[in-house]
Amino acid sequence: MNRERSLRYRLVGIEVFAILLALLFLAPFYFVLVNSLKTLGEILVDAASLPEIYKFTNYSRVWDMIRFPTALRNSVVITAISVAGIVTISSMTAYRLVRRPTRFNNLLFLAFISSMIIPFQSVMLQLVRVTSILELRGDLLGIVVCYLGFGLALSVFLFHGFIKGVPLEIEEAAVMDGCSPYGVFWRIVFPLLKPIAVTVVILNTLWIWNDYLLPVLIIGSNKDLTTIPLAVTRFFGQYTKQWDLALAGLAMSVTPIVVLFLLLQKHIVEGITSGSVKG
Amino acid sequence: MTKRSGKSGEWLQQLVFVGPGLIAFSIIVLVPFLLGFYYSFTEWNGLDLNKAHWTGMDNLNRIFMRDDKFWAAFGFTLRFTAVTVLASNLLAFLLALMLTRALKTRNLLRTVFFVPNVIGGILLGYIWQFIFTKGFKTIGEMTGWSFFEQPWLGTAGTGFWGLVIVFVWQSAGYMMVIYIAALTGVPKDMLEAATIDGAGYWQSIRKVTLPLIMPAITVCLFLTISNAFKMFDLNLSLTKGGPGTSTQSLAYNIYAEALVNNRYGLGTAKAMLFFLAVSLIAVTQVWLTKRKEVEA
Chain A
92 MNRERSLRYR LVGIEVFAIL LALLFLAPFY FVLVNSLKTL GEILVDAASL
142 PEIYKFTNYS RVWDMIRFPT ALRNSVVITA ISVAGIVTIS SMTAYRLVRR
192 PTRFNNLLFL AFISSMIIPF QSVMLQLVRV TSILELRGDL LGIVVCYLGF
242 GLALSVFLFH GFIKGVPLEI EEAAVMDGCS PYGVFWRIVF PLLKPIAVTV
292 VILNTLWIWN DYLLPVLIIG SNKDLTTIPL AVTRFFGQYT KQWDLALAGL
342 AMSVTPIVVL FLLLQKHIVE GITSGSVKG
Chain B
597 MTKRSGKSGE WLQQLVFVGP GLIAFSIIVL VPFLLGFYYS FTEWNGLDLN
647 KAHWTGMDNL NRIFMRDDKF WAAFGFTLRF TAVTVLASNL LAFLLALMLT
697 RALKTRNLLR TVFFVPNVIG GILLGYIWQF IFTKGFKTIG EMTGWSFFEQ
747 PWLGTAGTGF WGLVIVFVWQ SAGYMMVIYI AALTGVPKDM LEAATIDGAG
797 YWQSIRKVTL PLIMPAITVC LFLTISNAFK MFDLNLSLTK GGPGTSTQSL
847 AYNIYAEALV NNRYGLGTAK AMLFFLAVSL IAVTQVWLTK RKEVEA
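Here the protein sequences come in this chain order: A and B.
Residue numbers for the first sequence follow our numbering, beginning at 92 and rising by one.
Residue numbers for the second sequence follow our numbering, beginning at 597 and rising by one.
Incorrect hints may have been included.
[As the list claims (entries may be wrong)] Derived pair list, reagent style DSBU-like, types lysine-lysine, alpha-carbon separation capped at 35 angstroms:
no., chain 1, residue 1, chain 2, residue 2
1, B, Lys826, A, Lys285
2, B, Lys826, A, Lys314
3, B, Lys836, A, Lys255
4, B, Lys836, B, Lys803
[Stated by the list, open to error] Covered stretches of chain A (in silico footprint by chain B; criterion: 3 or more residues with CB under 8 angstroms from a CB of chain B, positions within the stretch not fixed):
no., region
5, 105–114
6, 117–124
7, 184–193
8, 199–213
9, 301–309
In short, the hints are calculated from the structure, not lab data.
Just so you know, these numbers come straight off a predicted model, no measurement behind them.
Even glycine gets a Cβ: it sits at the ideal position worked out from N, Cα and C.
Just chain A, same shape as in the assembly:
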């Protein structure tokens, strides 16, 4: 009885400690939100207190200055097309690599896995050259192809591990019923891959959405394709120390992905877990 009570106290203690830690974790977001609604003068005097007058004009000004709707649209389009492409292509590749382990295919799989260790900096300059020759720089197709190339390795790896567990009997039954090899994949196997496809979608969405350096190199000065990280960085270069505007810009820029996360958090956490144990 006594022991049980002391255990309960300890649990309460842990809970209080964890909550305090969580508040500390959230403090940066508090600072951003609160100060994004103040005047610059008010921020400089006291960055911790609530605003005296809530000044929403910071938001409307930055909205136009960084052309937020364009940046948001570009980020959504680039991420969506790239991720859809990665899921399609890497699942097909992985399927073939599992079911036809020829020497070439095994070698290819090894190449995919080992390439995961290459830092982006080790290929970026040559990539600039290759993409200029192929006239892929500065347009949507170019950036999407780049994301396909970089996203494939991990995704093929994840699909590969999962497909190994898919029983061959189902496919054989489908072939007996007259299904073509492509039909077997799209109608029978692909629907079974849903759990790992969710993981692939999540991991790729997070990095592509937040990626900065690749868009700088490939999209470059094409203003019509500016993504959110590019827009924010350009803005910071021009308006250093204009914290009232900068914080409003930051707040609106982090909102889409945070909202998406809150909506999908169960899947995101599961995706990360199943993505990591395979490593």
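Could you slot chain B onto chain A? The hints should help.
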């Protein structure tokens, strides 16, 4: 039913299933990577992408003999990796231990600790630039604690710790998720058996839990080491490598060499050395921790 049999069908299938992936991977990763070995030995300026003069060992000589900034960045990156890997894994493990208990706010807290991960390094760097320069100043004035009143980001030392704080804040939640999954998989009866045998809390963690979650530790170490070693976005937006070049990471040094100084050849040579260092460290770590993995 006509069955498409024989070699041509097999070839077509290989082409359809593997072709697109192989092509994208080749042009974007494989070919540029292999080209890197060539460009490392050239003088190649970014303005004239087509012309690269073969200069043999010049770049390597220059890096090894005269490039103090590169080696300073190397040292910075090693120190940064050592500190952040230790700190973020300890914090993540602690969070996971707490958040696998029967707390009422458990799910909410897991969400909170994970949030920084969904926001990219560029945006986080700008957010923290504000916290360090303005937020900390206000807190310092309110509390009088000298910790907050330092010239955050204004010196090499505070810049280093500033980057560490943000990196740990960002990555701990991700590792926490992995550790939570691993801790949930540890069989309860084994922990109970340890308690009956007289093991204390920390002792049973050390002797039972840790060996059983070794695969998760391998993964978390691998992820934190490679992320910390390759840190770039955060560096760019939080300190820009400054003051001076005192907080310049390796990735940032390569970026600056190529895209600011327009020395692509030298940049490529550095990038290939960077690749060698990353591989060496990552492979060694995985090899070392894999040996410690046991079966439950």
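Here is what the structure says about each hint:
no., hint, result
1, Lys826(B) with Lys285(A), "holds (32 angstroms)"
2, Lys826(B) with Lys314(A), "holds (28 angstroms)"
3, Lys836(B) with Lys255(A), "violated (45 angstroms)"
4, Lys836(B) with Lys803(B), "violated (44 angstroms)"
5, 105–114, "holds (count 7)"
6, 117–124, "holds (count 6)"
7, 184–193, "holds (count 5)"
8, 199–213, "holds (count 10)"
9, 301–309, "holds (count 4)"
The structure shown violates the earlier hints numbered 3, 4.
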